[in-house]
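Based on the sequences and whatever the hints tell you, model everything.
Each chain is listed here by its residues.
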Amino acid sequence: MTSLLLTSSIAVIQVLVGIATISLLQPSTLRTLPRLFRAGSALLLGVAVSGFLTLLPAMAGATIHLWWWGTLAVGALFVTVIRRTAIRNLFTPDAGRVCFPGGPLAFLGLGVLLAWVTLDCFALPVHEYDGLVIWSYRLRVLAHEHTLFADSLRDPERVIPQPVHPYLLPMCQLPYAMIRPDAWLRLAQIPMVMVYAGYLLMVVGAAKSLGSTRGALLICCAGLLPCLGFGITEISSREPFMGFLGFASVVLLAFWAENPRPGYLILGAAAAFLMQQTKIEGLPFAGGWCMGVLLVSVGDNPRVRFRQLVACAVFVLLTLPWAMMKSHIHAGHVDPVLRDYSVATKFRVSDVLTIVRLLAVEVTCRPELYGLAAFGMFAGVLTGWKRRNALRRLAVFAAPLACLCAICAIYAVRQTELPQERNASLTRRLLCVLPAMAFAAAYAPATRRLEIQETLNRAEGDLPADISN
Amino acid sequence: MQKSELDRPGLKRSCFLVASLVPPIVGLVSYLAIRIPGVRAGILRLVPYREQHSAAVIQQMMAPRAILLASLTLILILTGTMMVPRWRTRMLRARALGDWSLVLLTTAQVLAVIAVFLDLQFYYARAFGKPIGLIDNDSVLRYVMPQTWKHSQQLLAMLPSDTSFAYGSERKEIFYPLPSFAYPMKFYFRRPGTPDWTQDPAFAALVRERRISYLLDYYPFQTTESLALRPLR
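If you read the protein sequences in the order shown, they are chains P and F.
Residues in the first sequence are numbered consecutively from 12, following the numbering used here.
Residues in the second sequence are numbered consecutively from 1310, following the numbering used here.
The hints are simulated quantities; they were obtained by calculation from the structure and are not laboratory data.
Where hints are given, some of them may not hold.
[Unchecked claim] Output of the computed footprint for chain P on chain F, the stretches with three or more beta carbons under 8 angstroms from beta carbons of chain P: (1) 1409-1419; (2) 1445-1454; (3) 1500-1509.
In this text, a Cβ means the ideal position worked out from N, Cα and C, and glycines have one as well.
Right, dumping it as structure tokens:
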């Protein structure tokens, strides 16, 4: 009974942290976000930000106990009380109502996926190799020894530690594992259910902002992706988590492109840099995201956007914990893949072609994992490209494409180093980019008013433009 | 200024029709092709790891291709319907063509989701011999890595839980599951460079500093003598 109470309390605290985080946005910015997107991002950021806030003292050498989450709850409550007027805006209804073609059917599918994830996470423990062997080990050590500075994690001579890996996700799962050490592997999945529910809410919210047809395409490609529902325990828990954060950051970038409010930029940057704290693939994603921000800034209202960019640059500080961790710990053995990747001596064009072939077969021939998402995305790009603003479109593609290129590069290098069966991990790495890629494919930026006017003027014999009409 | 050829409504509509039809048709052809054994074998030759990898085998067992094929057949029938002008006009009055494509895509996707959901219920019940809520951690570990799980439990039963090992095998690859399952036992990835370990000063220093008790050679896929233990004190 006590453990049930504690488990529910931790979940509530994580939600509170999420609400407190999102309430830091300006009320007007909050109101412009779709309501479901607000709710979804509160869930996702609640888990991720509470994990990050736990990571900071853990990195400084503190021993983590359950009372730490009590402190987080007090802090979150304090912020919530201070920002209570902003929180009222969390529940403001959206301006317009959007009906999706095939909507009820799509919501049935989303419901089935959420039911499966809930059932799976509570009834079945982790099923995949890395989760069982490496990440579970780290979580188990943290739950027993309560510190990142345990020899089991830091001693470079030990077999498993791999201390250069980022520790955000274990920190999100840690309180649950500490409550019931006998059922730690199962309880640690609770935050995954929360972030998945948050992700589905965000997909529907983002879909509403895209309109009925392209919104339905987004739900079909990003929401109904079976691999994201089944992948959490069957494939890996890190990659879906990365995918959810990536989706949030790219959607917020698109919102910022449409409407330059600093709140979008801050939340998007936070999501992108939290990815970098979760897995190494987060680094190219965050790099691509920054490139996307620059592309948007150059093309539209550059003065305002660059001023916001400078103000938000402080969020790059989020990358510090991992950077500090890497610089302070001597790795016991250097993975040959990483060594060769760093000097890029094994990079061959033929290996890139091999990876492109594997990627194509992997995505188009896995109905049970990717469904028809690849074809949906293709249709999205094809039918959306006629919309003019190519720079914005490229900007939202930048982050997932950078991450995809990095993944391809990793596999291209390892073709000569590791046996063929190691290519199977391509499936789980793709989960990092698929949701963001689906949004980028469905997103069709409307032609700017000025451009429409110019086009009309040219068509009618170069009459002077009067955009005020 | 003359309007572009592409701006003609008829041509635009045709382009849109072709663009909307490409994905379901390509999808249908791909999935039908998978059903032909020769083509399927050819595709698997492109991704040879898939048949060898245990996780991939599990995922293949979950693939509800038959149901997906049915849904794609549905797409074909509806697409065929769209080709008949009178039927198409009636359907288009109700909804735009792009919306129809999305309804079909969504239908297929939802069917795949539900099919995988149902398939997994049966898969786990079949694999573990218990309903899904009654499967415990140990059952899963035993199922995923039966030998290593058994060996880790043997080690934990044989020796105190704080024992330290110098760990490895002649193969250079590190086998992680044993140290993970046998936590809190301590495994150090270091082997002596000489047959007599005392003659390797670096190794002897590690043994002394970390209080390593055994040299453990592990052969996970051997049926006999998988754990070769050698005391170092």
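Each hint, compared with the structure:
1. Counting residues of the region 1409-1419 of chain F whose CB lies closer than 8 angstroms to any CB of chain P gives 10, which reaches the minimum of 3, so the coverage claim holds.
2. Only when three residues or more bring their CB closer than 8 angstroms to a CB of chain P does the claim for the region 1445-1454 of chain F stand; here the count is 6, and the claim holds.
3. With 0 residues carrying a beta carbon less than 8 angstroms from a beta carbon of chain P, the region 1500-1509 of chain F misses the three-residue requirement, and the given coverage is violated.
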